[in-house]
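A.B. asks: Order-wise, the sequence lines are chains A and B.
Throughout the first sequence, residue numbering follows our numbering, covering 1 to 114 in sequence.
Throughout the second sequence, residue numbering follows our numbering, covering 1 to 113 in sequence.
Don't take every hint at face value.
BS3-like, lysine-lysine: derived pairs with alpha carbons at most 25 Å apart [claimed, not checked]:
hint: 1; chain 1: B; residue 1: 112; chain 2: A; residue 2: 44
hint: 2; chain 1: B; residue 1: 17; chain 2: B; residue 2: 112
hint: 3; chain 1: B; residue 1: 71; chain 2: B; residue 2: 37
hint: 4; chain 1: A; residue 1: 71; chain 2: B; residue 2: 100
hint: 5; chain 1: A; residue 1: 44; chain 2: B; residue 2: 100
hint: 6; chain 1: A; residue 1: 27; chain 2: A; residue 2: 51
hint: 7; chain 1: B; residue 1: 17; chain 2: A; residue 2: 27
Derived from the structure by calculation, the hints contain no laboratory data.
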Amino acid sequence: NAGVMQNPRHLVRRRGQEARLRCSPMKGHSHVYWYRQLPEEGLKFMVYLQKENIIDESGMPKERFSAEFPKEGPSILRIQQVVRGDSAAYFCASSPQLADNEQFFGPGTRLTVL
Amino acid sequence: KNQVEQSPQSLIILEGKNCTLQCNYTVSPFSNLRWYKQDTGRGPVSLTIMTFSENTKSNGRYTATLDADTKQSSLHITASQLSDSASYICVVIHSGNTGKLIFGQGTTLQVKP
Chain A
1 NAGVMQNPRH LVRRRGQEAR LRCSPMKGHS HVYWYRQLPE EGLKFMVYLQ
51 KENIIDESGM PKERFSAEFP KEGPSILRIQ QVVRGDSAAY FCASSPQLAD
101 NEQFFGPGTR LTVL
Chain B
1 KNQVEQSPQS LIILEGKNCT LQCNYTVSPF SNLRWYKQDT GRGPVSLTIM
51 TFSENTKSNG RYTATLDADT KQSSLHITAS QLSDSASYIC VVIHSGNTGK
101 LIFGQGTTLQ VKP
């Protein structure tokens, strides 16, 4: 049973471009969470999704950021018109059922905005 | 405001020594508390999970304690190894939230030979 997979592991974008981060949860997990870790800071919650639904997006910046978890395929975190301040590690986690279950983290995507 | 504070921010110890990391939280109501280990360049990996009714939980050389009255937790590492060098993160689950974790800043531990 493969763990949570994220790709790409490293992503470099120039200011103004779009970044797409992908997360494939563990098999059998229907809950996905996205977190952001800025340099020298702790992880911060961004969004919680179930299949085809956004449950809690209270941590998402109001503009340029969006997330989806379609019926088929991975969850996508999309950042439009990236700025230097978006440079961070973005982690995805998944859990099987109830949100209180332990979350398993992926290896992260390190986004660098030039 | 729901917060998780960890101390010390960083710690250097010699291989074979013990150490204790601290976590204070103000999250209420509280569901459970978790300690994660995060190696450089990797995602966090769970070490222990404790509910408010549990005082102590061990996982190999790692022992976590919880005092729900004072809202304090500690992670004790026994007989440290070089592979223990990592960031240790205290995470608290707010019982009113559907899975949203509140993270501490982490303690960076460096074990030297």
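A.B. asks: Against each hint, give a clear statement of whether it holds in the structure.
C.D. replies: The hints, checked one at a time:
no. : hint            : in the structure
1   : 112/B with 44/A : violated, 30 Å
2   : 17/B with 112/B : holds, 10 Å
3   : 71/B with 37/B  : holds, 21 Å
4   : 71/A with 100/B : holds, 22 Å
5   : 44/A with 100/B : holds, 10 Å
6   : 27/A with 51/A  : holds, 13 Å
7   : 17/B with 27/A  : violated, 39 Å
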